[in-house]
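Chains A and B, in that order, are what the protein sequence lines are. Residue numbers for the first sequence follow the working numbering, so the first one is 1 and each next one is one higher. Residue numbers for the second sequence follow the working numbering, so the first one is 1 and each next one is one higher.
To be clear, the hints were calculated from the coordinates, so they are not data collected in a lab. Even glycine gets a Cβ: it sits at the ideal position worked out from N, Cα and C. Take the hints with a grain of salt, since some may be wrong.
Heads up, incomplete: computed chain B residues facing chain A, CB under 7 Å, no partners named [to be verified]:
| hint | residue |
| --- | --- |
| 1 | I583 |
| 2 | R584 |
| 3 | A587 |
| 4 | T588 |
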Amino acid sequence: MTEVPISWFLTLSAVLFVLGVAGFVFRRSVVTVFMSIELMLNAVNLSFVTFSYQLQQVNGHLFAFFVMVVAAAEAAVGLAIILTVFKNRATLNIDDVDSMKN
Amino acid sequence: MQLWLIPVLPLAGFLINGLFGRRFSKGAVNAVAIGSVALSFAWVLKTILALSPLAGAYSEHYFTWIRSGIVNIGCDLAVDRLTIVMLLVVTGVGAVIHVYSIGYMAHEGGYYRFFAFLNLFMFFMLVLVLASNYLVMFVGWEGVGLCSYLLIGFYFDKKFATDAGNKAFIVNRIGDFGFSLAMFYMVKNFGSLDFATVFKQAPGAPEATLTIIGLLLMLGACGKSAQLPLYVWLPDAMAGPTPVSALIHAATMVTAGVYMTARSWAIYAHAPAAAETVAIIGIATAFFAATIGLAQNDIKKVFAYSTVSQLGYMFLGVGCGAFSAGIYHLVTHAFFKALLFLGAGSVIHALSGEQDLRNMGGLRKKTPWTFWTMMCAAVAIAGVPPFAGFFSKDAILLAAHHYAPWMYWLGTITAGMTAFYVFRAMFLAFFGEYRGHEHPHESPPVMLVPLAVLALLSIGGGFALNVPEFLGTAGGEEDRALMAISTAAGVMGIALAWLMYVAKPGMADSFAASMRGLYTLVYNKYFVDEIYGAAVVNPLVGGSRAVLWKGVDVGLIDGAANGVGARARNIGSVLRLMQSGNIRSYATWVLFGSVVLIVALGIAGGLR
Numbered sequence: 001m002t003e004v005p006i007s008w009f010l011t012l013s014a015v016l017f018v019l020g021v022a023g024f025v026f027r028r029s030v031v032t033v034f035m036s037i038e039l040m041l042n043a044v045n046l047s048f049v050t051f052s053y054q055l056q057q058v059n060g061h062l063f064a065f066f067v068m069v070v071a072a073a074e075a076a077v078g079l080a081i082i083l084t085v086f087k088n089r090a091t092l093n094i095d096d097v098d099s100m101k102n
Numbered sequence: 001m002q003l004w005l006i007p008v009l010p011l012a013g014f015l016i017n018g019l020f021g022r023r024f025s026k027g028a029v030n031a032v033a034i035g036s037v038a039l040s041f042a043w044v045l046k047t048i049l050a051l052s053p054l055a056g057a058y059s060e061h062y063f064t065w066i067r068s069g070i071v072n073i074g075c076d077l078a079v080d081r082l083t084i085v086m087l088l089v090v091t092g093v094g095a096v097i098h099v100y101s102i103g104y105m106a107h108e109g110g111y112y113r114f115f116a117f118l119n120l121f122m123f124f125m126l127v128l129v130l131a132s133n134y135l136v137m138f139v140g141w142e143g144v145g146l147c148s149y150l151l152i153g154f155y156f157d158k159k160f161a162t163d164a165g166n167k168a169f170i171v172n173r174i175g176d177f178g179f180s181l182a183m184f185y186m187v188k189n190f191g192s193l194d195f196a197t198v199f200k201q202a203p204g205a206p207e208a209t210l211t212i213i214g215l216l217l218m219l220g221a222c223g224k225s226a227q228l229p230l231y232v233w234l235p236d237a238m239a240g241p242t243p244v245s246a247l248i249h250a251a252t253m254v255t256a257g258v259y260m261t262a263r264s265w266a267i268y269a270h271a272p273a274a275a276e277t278v279a280i281i282g283i284a285t286a287f288f289a290a291t292i293g294l295a296q297n298d299i300k301k302v303f304a305y306s307t308v309s310q311l312g313y314m315f316l317g318v319g320c321g322a323f324s325a326g327i328y329h330l331v332t333h334a335f336f337k338a339l340l341f342l343g344a345g346s347v348i349h350a351l352s353g354e355q356d357l358r359n360m361g362g363l364r365k366k367t368p369w370t371f372w373t374m375m376c377a378a379v380a381i382a383g384v385p386p387f388a389g390f391f392s393k394d395a396i397l398l399a400a401h402h403y404a405p406w407m408y409w410l411g412t413i414t415a416g417m418t419a420f421y422v423f424r425a426m427f428l429a430f431f432g433e434y435r436g437h438e439h440p441h442e443s444p445p446v447m448l449v450p451l452a453v454l455a456l457l458s459i460g461g462g463f464a465l466n467v468p469e470f471l472g473t474a475g476g477e478e479d480r481a482l483m484a485i486s487t488a489a490g491v492m493g494i495a496l497a498w499l500m501y502v503a504k505p506g507m508a509d510s511f512a513a514s515m516r517g518l519y520t521l522v523y524n525k526y527f528v529d530e531i532y533g534a535a536v537v538n539p540l541v542g543g544s545r546a547v548l549w550k551g552v553d554v555g556l557i558d559g560a561a562n563g564v565g566a567r568a569r570n571i572g573s574v575l576r577l578m579q580s581g582n583i584r585s586y587a588t589w590v591l592f593g594s595v596v597l598i599v600a601l602g603i604a605g606g607l608r
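In isolation and in its complexed conformation, chain A is listed as follows (with noise of 0.2 Å):
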């Protein structure tokens, strides 16, 4: 049984990193802003098990757990924000949500 190369990980990562940034970047509404990050989140996680893996080291997989742990409180507050930007604005467009400027 021959092993999948490292390079193939690696490159759905970065692919998957991109379509996360181009989401990011380019969708308008929030929730989809906001799985662009998860996605973004997970495309490093793959990397970091990748090179854990290659280098024979645990501190990959740790790194893994903390984004992991940090993703999970992210997207309780971030939904929190969501509901609550939903509940006084009746929108999801990011662009509307710009009172900070001026």
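Got chain A; can you put chain B on it based on the hints?
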């Protein structure tokens, strides 16, 4: 012996009056101010009795002030015979003038402020006199300059008074610059500023060193004692209240330069060139100022130029090596010149502020006490025996004759002019018909008693107090011929003044008219102020305005500060565009930044 009490008592008076005087009654202010000076005087007397006969110097060390490398300067006070003479003059005449001020300042605003400053002046003057090293002396030296400035500008709502204060302060800076340089030079060459140490080393030092120190000290003395070419501040200093003119600008502070030169005689004794310069400056100032005094119409200005001239005499004496004669004249001058000023103050007081001699006249009957006491001073300054001025002036002229006969003859001519202009002022003020419009009234007793005290000292101060003998350097044998000549010069001056201003009143004007050019020159004080203005002040002001202000300050410093600010604004206005409030644009910037970073790292680290 607690020498520190002598200066600290007036300082306490200054603090009490300065801090709380506003709430005190005039009586309380008087009690504090005069009490502190009187106690100080009493303590001087007690010190003299306790230390008598005081053959050497008695010094007290309080604490080490500065210790750095080889320099070790203590806060030390010392008393020797020279100091005793000065202490008696300063506290004695000072106390008398304090009493006089009660009457003179009675109707003036800032009563407590005046007495507080006067006490502060006494403190610094006593520090100056008691100091046993040059640095402590310099503290007093600067302090009296400060008080002089404060008191010249006492009427601070009048522009000419504050200008005069500034002038005095700034001109004195030039002299103080010389004094400081002299101190640096002493530290460099002798490693000390203590009088005892410096004077012990002086005989062995190279003559060039001593000459430089002597000349630099002389520059300091010229500033403080109003000698050529730095005398210009003293006539303007008459803008202050008259007791200030009497105390600071006649009797005590302006003589500090003479005292300092006499104190440093151990240096001058081994630097004949410096001593000769002192003598020449002295005689030149004496003559020059006396000629100006001939044509002044403001009674205080006459006496101011007279003071400059008499200080020149003292310098002449000190420079000729007869330092005790210089100090002798300092003492008698303190008596009769303070009296002249206080008398002038009494006249001004009587005329409600009139100072112009042309608006006086005939006051002899209206203010007899003032007239008779002032007459004692006028006779004394004219050098008529046996009044005080005769002895001291004669001692100086005798020394000058030993040193260089031409100085004696010039000094004698000056003595004649001195007698002339003082009696001119006296005759214009007290004889003839009254020419003013006020109603003259005699001054209150509180002003007349000090006049009487000083009149007694002016009469008897010469033969009763033999200062040269006390200082242990009795002059050469008397020369009756020289004595007769200088006395004759004085008497002729008086007679001429009588002739021109009393016997034939029109004569002075026709005389002035016949020598119009010379008269204009002298009347305008040789245009010295104008020359200084054109040669020094205006170039400095103009240069400061054109180069320092418009060039350096506005161009360079403001330009740099404003430039930095403007640059920051420009950059900010560009960067502001990034802060759009659009989250996705921020994210794009982050993306852009990370790409730049990765590329940069790749280039720097080398892509593998």
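Here is how each hint holds up against the structure:
Hint status for B/I583 relative to chain A: holds, with the closest Cβ pair at about 6 Å, below 7 Å. Taking 7 Å as the C-beta cut-off, the interface hint given for B/R584 holds, the closest approach to chain A being about 5 Å. Hint on B/A587 holds. Least Cβ distance to chain A is approximately 5 Å, under the 7 Å limit. The interface hint given for B/T588 holds, since its Cβ lies 6 Å from the closest Cβ of chain A, which is under the 7 Å cut-off.
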